[in-house]
Amino acid sequence: MDKNLEPVVKDLQSKFGATCEEFRGEAQCLVKAENVVPALTFLRDDCGFELLSSQSAIDYYPQTSPRFHVVYQLTSISKNLSVQLRVPVADGQTIPTATGVYKLCMWRERELMDMFGINFDGHPDPRRILMPEGTEGHPLRRDFPLGYEEPQFTFNFDEIQLPKPHPKE
Amino acid sequence: MREQIEEIPVGQFRHLVSERALNGETMLLNMGPQHPSTHGVLRLLLELDGETVINCIPDIGYLHTGVEKNMEAKTYQKAEVMTDRLDYMNPIGNNLAYVMAVEKLVDLDVPPRAQALRVILTELQRISSHLVLIGTWGLDLGAMSMFLYCFRERELLLNIFELVSGQRMMTTYFRPGGVWRDAPVEFEAAVRDFIKIFPRRIDEYERLLTKNPLFVDRMVDIGYLSKEAALSYGVTGPNLRASGVNWDLRKARPYMGYEQYDFDVPVATEGDTYARYIVRIEEFRQSLRIIEQALDKLPMGPVHSDNRKFVPPPRAEIGVSMEALIHHFKLWTEGFRAPDASVYSAVESPRGELGVLMAGDGSGKPRRVHMRTPSFDNISAISEMVKGHLVADLVAILASIDIVLGDIDR
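As you go down the protein sequences, you meet chains A and B in turn.
FYI, the numbering for the first sequence is 0 to 168, going by numbering that gives the first Met the number 0.
FYI, the numbering for the second sequence is 0 to 409, going by numbering that gives the first Met the number 0.
Hints in this document: simulated from the structure, not taken from any laboratory.
Hints are supplied without guarantee of correctness; some may be wrong.
Between beta-carbon pairs, the in silico distance windows are [as the list claims (entries may be wrong)]:
| no. | chain 1 | residue 1 | chain 2 | residue 2 | range |
| --- | --- | --- | --- | --- | --- |
| 1 | B | V80 | A | G121 | 54 to 62 angstroms |
| 2 | B | R206 | A | K14 | 56 to 64 angstroms |
| 3 | B | E205 | A | E149 | 54 to 62 angstroms |
Some chain A residues close to chain B (C-beta under 8 angstroms, calculated; not the full set) [stated by the list, open to error]:
| no. | residue |
| --- | --- |
| 4 | K14 |
| 5 | G16 |
| 6 | T18 |
| 7 | T40 |
| 8 | F41 |
| 9 | L51 |
| 10 | S53 |
| 11 | S55 |
| 12 | Q72 |
| 13 | L103 |
| 14 | W106 |
| 15 | I128 |
| 16 | L129 |
| 17 | L139 |
| 18 | I159 |
| 19 | L161 |
Yeah, the Cβ is synthetic: ideal placement off N, Cα and C, and Gly gets one too.
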């Protein structure tokens with residue numbers, strides 16, 4: 000971990016009860032859902048993390064509690080540091096929106112609501128963003144089927160060929 | 000009888016438009032998805048007062064292909080092919096972002112020659128991407144010849160890509176641990192030719208556009224984006240640098256040996272459409288500097304890592320070595336296994352920070368690959384930029400953001 004990042008991580012641990020891990024030189028800090036907005040505000044205003052690079056989620060299905068991790072990747076341009084905040088979320092749990100801190104969350108949270116079904120409390124524009132209105136389910140969940148077509152061999156040729164639509168005589 | 004234009008119901012956008020739209024004083028107008036100046040299938044819902052844009056509500060997703068979902072069902076090597084299709088103006092840069100994430104996740108080394116080749120090709124791709132942008136930008140603003148000149152030079156670059164990888168666009172030339180195979184002997188001469196020709200061509204573009212009053216008048220003071228708004232919306236790349244923030248991942252967090260090369264990061268402070276143009280023209284020159292230095296220093300040696308757990312053995316070895324045969328078989332059936340952890344790795348693409356969040360689950364397939372595509376966040380700031388401008392200016396602003404719809408919708 001970067002030497003300059005250590006005080007930031009210590010602050011996150013003491014003020015917001017974060018548990019921090021390091022993997023390949025990246026600091027990954029887990030915070031609870033109710034602490035995420037204060038933690039992001041603290042990082043932006045007091046630690047100089049002006050840019051939220053990315054907001055995303057990982058689905059740990061079949062693990063249920065917590066099922067998702069919402070990942071905030073923060074970048075400090077002035078100090079050239081980055082830190083990752085992670086919020087464990089159970090299925091159906093809502094987490095407060097961070098749109099008041101970073102405007103980037105306006106669209107990224109819509110994407111998470113659309114693709115994962117993670118609910119953000121207080122989002123100003125909670126429409127679907129990538130999938131069309133009226134889509135059932137959330138495609139990036141691990142239990143959402145990918146869609147698959149059986150390969151056609153001689154032994155199952157008719158089984159697959161017959162249900163296919165054919166032009167009328 | 001004239002066909003009636005279907006009116007857009009204002010109800011579902013109640014929270015996004017002004018009061019006046021609800022009273023019917025202003026008009027909601029659809030721009031796109033089929034519109035030549037949206038550079039793809041982007042739908043913009045405009046609230047107009049006469050010709051002035053009051054609100055702009057982008058609607059994306061028409062090109063959504065589920066790349067991230069599909070990657071979860073493929074091994075790490077096979078999933079790379081889909082990254083080319085995201086930002087189709089920058090396939091090589093996408094490959095770089097992806098393979099760097101894989102290399103970070105499994106802790107794989109890349110030999111110096113492969114790194115230098117990656118730098119040269121990524122910078123060539125950056126020039127090619129900016130050429131398409133400047134060309135279509137000119138086309139949008141009525142400078143037809145610019146489009147033809149830019150595509151003339153882009154053809155030279157596509158020929159170089161074809162030379163090294165066999166493909167003009169969707170190359171998949173970079174592989175985890177190195178590159179597909181060594182560049183052919185003609186490669187250096189082809190790149191040197193391009194470096195020799197291109198500076199004069201940049202001057203030619205500048206003579207056509209930079210001081211052309213028709214072009215300048217449509218761009219100066221149009222689409223202002225402040226530094227604070229740009230950072231808050233997560234706008235990166237040339238758009239951020241045009242707003243006065245000196246942030247380039249190649250300089251700030253060098254990867255692939257960018258620290259060896261001497262280059263400047265062009266920054267403008269005006270934050271308008273013209274500044275975004277100036278930054279990109281200057282990036283042409285800086286990319287050429289990097290390519291020239293990388294070509295001068297291009298070391299000899301292997302082009303992929305010799306860690307056989309991740310990189311397939313050469314074909315000649317398979318016939319004589321049992322171990323090589325086993326590695327080959329394992330790699331192309333099961334793939335390699337990555338630890339149950341996640342990494343975030345980012346590169347500077349022509350459009351901004353292209354980040355990959357990659358989580359493994361201990362098997363040969365990723366648990367999750369999230370592509371933080373720069374166009375997605377850049378276009379979300381458009382509502383900030385267009386307010387109070389005319390519809391005709393919207394075209395210039397949209398061109399200046401440099402969106403690629405494949406990059407937005409994934």
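Compare the structure with the hints numbered earlier in the document and write down the numbers of the violated ones, lowest to highest. The structure conflicts with hints 1, 4, 5, 6, 7, 8, 18 and 19, although it agrees with all the remaining ones.
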